[in-house]
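In terms of full-length UniProt numbering, the sequence shown opens at residue 1 and continues consecutively.
Because the hints were derived from the structure by calculation, they are not lab data.
Please read all numbers here as calculations on a predicted model, not as lab measurements.
Note that the Cβ used here is the ideal one computed from N, Cα and C, for glycine as well.
The calculated label-pair distances, taken between Cβ atoms and stated as ranges, are:
id	residue 1	residue 2	range
1	D24	Y118	41 to 49 Å
2	K7	K82	48 to 56 Å
3	R101	K7	39 to 47 Å
4	Q13	Q116	30 to 38 Å
5	L70	K47	26 to 34 Å
6	E20	R93	46 to 54 Å
7	Q116	D24	35 to 43 Å
8	E87	K47	32 to 40 Å
9	Q13	S83	50 to 58 Å
10	T111	K7	34 to 42 Å
11	R105	L19	37 to 45 Å
12	R18	T111	36 to 44 Å
13	E87	E66	14 to 22 Å
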Amino acid sequence: MNIKLIKTEEDYQLALQRLEVIFDAEPDTQEGDELEVLSFLIDSYEKEHFAIEAPDPIEAVKFRMEQLGLKQKDLAEVLGYKSRVSEVLSRKRKLTLEMIRNLHRTLNIPTNVLIQEY
Numbered sequence: 001m002n003i004k005l006i007k008t009e010e011d012y013q014l015a016l017q018r019l020e021v022i023f024d025a026e027p028d029t030q031e032g033d034e035l036e037v038l039s040f041l042i043d044s045y046e047k048e049h050f051a052i053e054a055p056d057p058i059e060a061v062k063f064r065m066e067q068l069g070l071k072q073k074d075l076a077e078v079l080g081y082k083s084r085v086s087e088v089l090s091r092k093r094k095l096t097l098e099m100i101r102n103l104h105r106t107l108n109i110p111t112n113v114l115i116q117e118y
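Whole structure, please, built from the sequences with the hints as guidance.
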């Protein structure tokens, strides 16, 4: 096992190539251990160099509605009134703490996404 930190794009590409070779390694073997360590190193490098920002709160709500096949009227119980849903989705009204809690509970959208400024 020849493992080293991933510091450059070249190191990253080599790690990915090696990962492909040992991808099906059995646990508790030398290659299995290498796979596990290499996965952590690749994950760490990707988090640092390819960070993905959290989505916009309103776009997250719209996306989740689409996934669940919901219409604006379906959110009336979650946000209050049909008109309030329209105002929120068109960005004329900000999400309140109660709305954020309800959206989190009902649509299972992480609160850290919903509390962002937009």
